[in-house]
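Same order as they appear, the protein sequences are chains A and B. So for the first sequence, the working numbering puts the first residue at 1; every next one is plus one. So for the second sequence, the working numbering puts the first residue at 1001; every next one is plus one.
In short, the hints are calculated from the structure, not lab data. Because the structure is a prediction, the values reported are computed rather than measured. Even glycine gets a Cβ: it sits at the ideal position worked out from N, Cα and C. Hints may contain errors.
What the hints assert, rightly or not - For each label pair, taking beta carbons as the anchor points, the in silico distance ranges come out as: (1) A:R305 - B:S1310: 49 to 57 Å; (2) B:H1324 - A:G80: 22 to 30 Å; (3) A:E396 - B:R1069: 55 to 63 Å; (4) B:E1146 - A:P127: 49 to 57 Å; (5) A:A24 - B:R1069: 16 to 24 Å; (6) A:E223 - B:S1255: 34 to 42 Å; (7) A:G46 - B:I1288: 23 to 31 Å; (8) A:R225 - B:L1294: 55 to 63 Å; (9) A:E223 - B:S1131: 54 to 62 Å; (10) A:T183 - B:S1212: 12 to 20 Å; (11) A:G422 - B:A1337: 47 to 55 Å; (12) B:P1283 - A:G80: 24 to 32 Å.
Said to hold, decoys possible - Just some of the chain B residues that point at chain A, by a computed CB distance under 7 Å: (13) G1020; (14) L1094; (15) Q1242; (16) C1258.
Stated by the list, open to error - To give an idea of the chain A side of the interface with chain B (calculated C-beta under 8 Å), a few residues: (17) G7; (18) P8; (19) R47; (20) C60; (21) V136; (22) L145; (23) G156; (24) L157; (25) H164; (26) S165; (27) D178; (28) G180; (29) V480.
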Amino acid sequence: MSRIVVGPFNRVEGDLELSLEVEADRVVSARVTTPLYRGFEQILVGRPVDDALVVAPRICGICSVSQSLAAAAAIAAFAGASPAPNGALATALAHAAENLADHLSHFYLFFMPDFARAQYDREPWWPETAERFTAVKGSASAEMLPLRARLLEVMGLVAGKWPHSLAFRPGGTTRALDLGAKTRLRAILADLRAFAERVIFDAPLEVFAALDDVAALDAHAAERRGDLARFLRLATALDLGRLGPGPGTVMSFGAYPATGPAGAPLFPAGLFETGSGASTPFRPERIVEDPSRAWIAGDAGPPARAETRPDIDRPDAYTWARAPRYDGRTAEVGAVARQLVAGHPLIRALVARDGGTSVTSRIVARLLEVALVLPAMEAWVGRLRPGEPFCADGGEPTDGSGVGLVEAARGGLAHWMTVRGGRIVRYQIVAPTTWNFSPRDGAGVPGPLERALEATSLGGLGARAAAVQHVVRSFDPCMVCTAH
Amino acid sequence: MNTSAKRFTVLWLQAGSCGGCSMALLDHCRRGLFAELGAFGIEFLWHPSLSEATGEEVVELLDGVADGRLPLDALVVEGTVLTAPNGTGRFHMLAGTGASLLDWVRRLAPRARHVVAVGSCAAFGGIPVASPDPGEGMGLQFDGSERGGVLGAGHRDAGGLPVINVAGCAPHPGWIVETLIALAAGDLAASDLDPLGRPKFFADHLAHHGCSRNEFYEFKASAETASDRGCMMEHLGCKATQAVGDCNQRPWNGSGSCTDGGYACIACTSPDFERARGFLATPKVAGIPVGLPLDMPKAWFMALAALSKSATPKRVRLNAVADHVVVPPGRSRRSGAEGGDG
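With the rest of the complex left out, here is chain A:
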């Protein structure tokens, strides 16, 4: 048995270190370390309530809108505010723009470049892959970056700028959109649709979104010339459906609230068991965070009552991230979780084929969300009513507590806030990658990534094995959020 350390682990958001126990070229056990602690929960305590809208987004530059929305939702939860209908739509548009930009950045900039590595240069698919996806130099990033900037022009219209906007409030958004802005939003989405249908899917969005079984996906891979089909052919060649199995329980907090019929979210909240196919409702009070293996003092307990005190000399600790558990169990979050909970037939079928979530289903679910969310955005723009209010803030709440729950690109994000006399007295954050890249808990149960890496074959390449890269990046980790 030998131990290898992998880091700095790049093309993730933030920094990450892995410690792998290896025997006979296979990972026997893995530990994931989040090596950065800034202390946002400590910084938030003592501030006026509204300051959360300034400080919280700055936890993360890649999902700053999600952080803003979780803070605003936590305030709304105890202030009793509900957003103006226009504000809810504008919020959803900005949030979707961020999430889709993240999905595209992940696929093109973070994940696919690993298949262009020299390790694969004898594979028949390598020359085309290297031309398309080599980091920085590939043709795909040259094509995608201008489109990403175009997509984020949604932020210029709705939110002033990105990242780190103050446009998102419990009552909606701060910039009322007129007919000119509404029309420019339509034009941006038209460009995004044209790109996605030509470059990613080589098919109309609605055609891809309607695929409902593995055979249909295989046909897509065989017949289409888009970047998703390129990935699917690689995934088959490298058997990525067997790589990086998830923990069995997936969870969603519900995405794009109040945008569906009768105030429903676009994608529902819930839990889904990939083994039994059972679904259960999501109850935030069942979440517990366990600092046993983190450089954080204290015992396991509900975030609503927790405090954050760093303890860098805590025995047996190996990361800044605490271990979140739902009903005592680990859970995987992210696009694949959202689509499993929502019951999308293609993702359910893929996960049934693979016997659980995998590198393949995580990637397909993200791109599927491009095909699902973009048409929803087009509909939301159509429902904007210039001239009617975008923001319906109530009075400043002085006392109360609440939890704000949102779905970031990478999965469920929760902020617990307690306020007394207009000041924040408690603030706790559990981010998506805190779930996926959780350390062991007090009982020694590994987190989802730690489990997913077990049994990974290194192909004789040790720390340089691409398989480890594929598994880690398939989760699209955001390490700056993880320990905040």
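Assemble the complex: chain A is given as a structure, and chain B must be docked to it using the hints.
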């Protein structure tokens, strides 16, 4: 792509950052970041979000730069450099290296032809050093508005430049890329930086210049609640008259800016901006805002404000407290001119 451009290498490190400066960077320009940098010969020796190299490949590269074997044109640091606990920097270890980011920055900076702090965190400390400053963070050459920081007040690169502070949270992508291009072209001199090390091309302006709410400012027609169209200085905490940046002279994400987005400037290009409490409400003494334009006598400001308020046209007064235009510019029947109350 201009292949004749001289190669200019950039090593980008993320310290105690949110990654937002890199995310902003990727937004740069219509032809795409990589094409723009390539045209000026600018190459990432390594960038944590973008480069292929990972793990031990990166450690070899960092050692090569630190040992002087690999020449480096610009070390770019994004994020606050954490020194906790007790000056060790253990609150942020660079994965796989057993050394803190603090140690790496101190090892690498002397080897770089230029050192660039991207974002207010790397420049001055930024949001992570807000009270209680859990990570005991610092900027590269400033600790808040005090000279010093992790590289020390005396740090100068081979050409005599201090750390170049591309302040902002996050900075405009143009500020970052234009700074790198100016360095690659040999255009940036010490005289192009303000006393806080910020490139003057953006720091010689106020965020207020070009604000679309200018008419409301002139008449002191103030917004009262979020999403009102009026000037946000009197009630909603806006510091654009006291903060540097050409923020309202170039579009953000195609068209926007903070004030255009309907919310206050929080002076994110300034050292110590994170010390504010109650960012979104204007602090007042006896009903008078504490923060007024720096270079104007207070009594004059108050007198002018009173005069402007008494002369505010109805159009401006009503639009200031609405979220959309409720009184459009009128038209003079006699001259045909537009813009009055109608």
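*Of the hints given before, which are not true for this structure?*
Numbers 5, 15, 28, in rising order.
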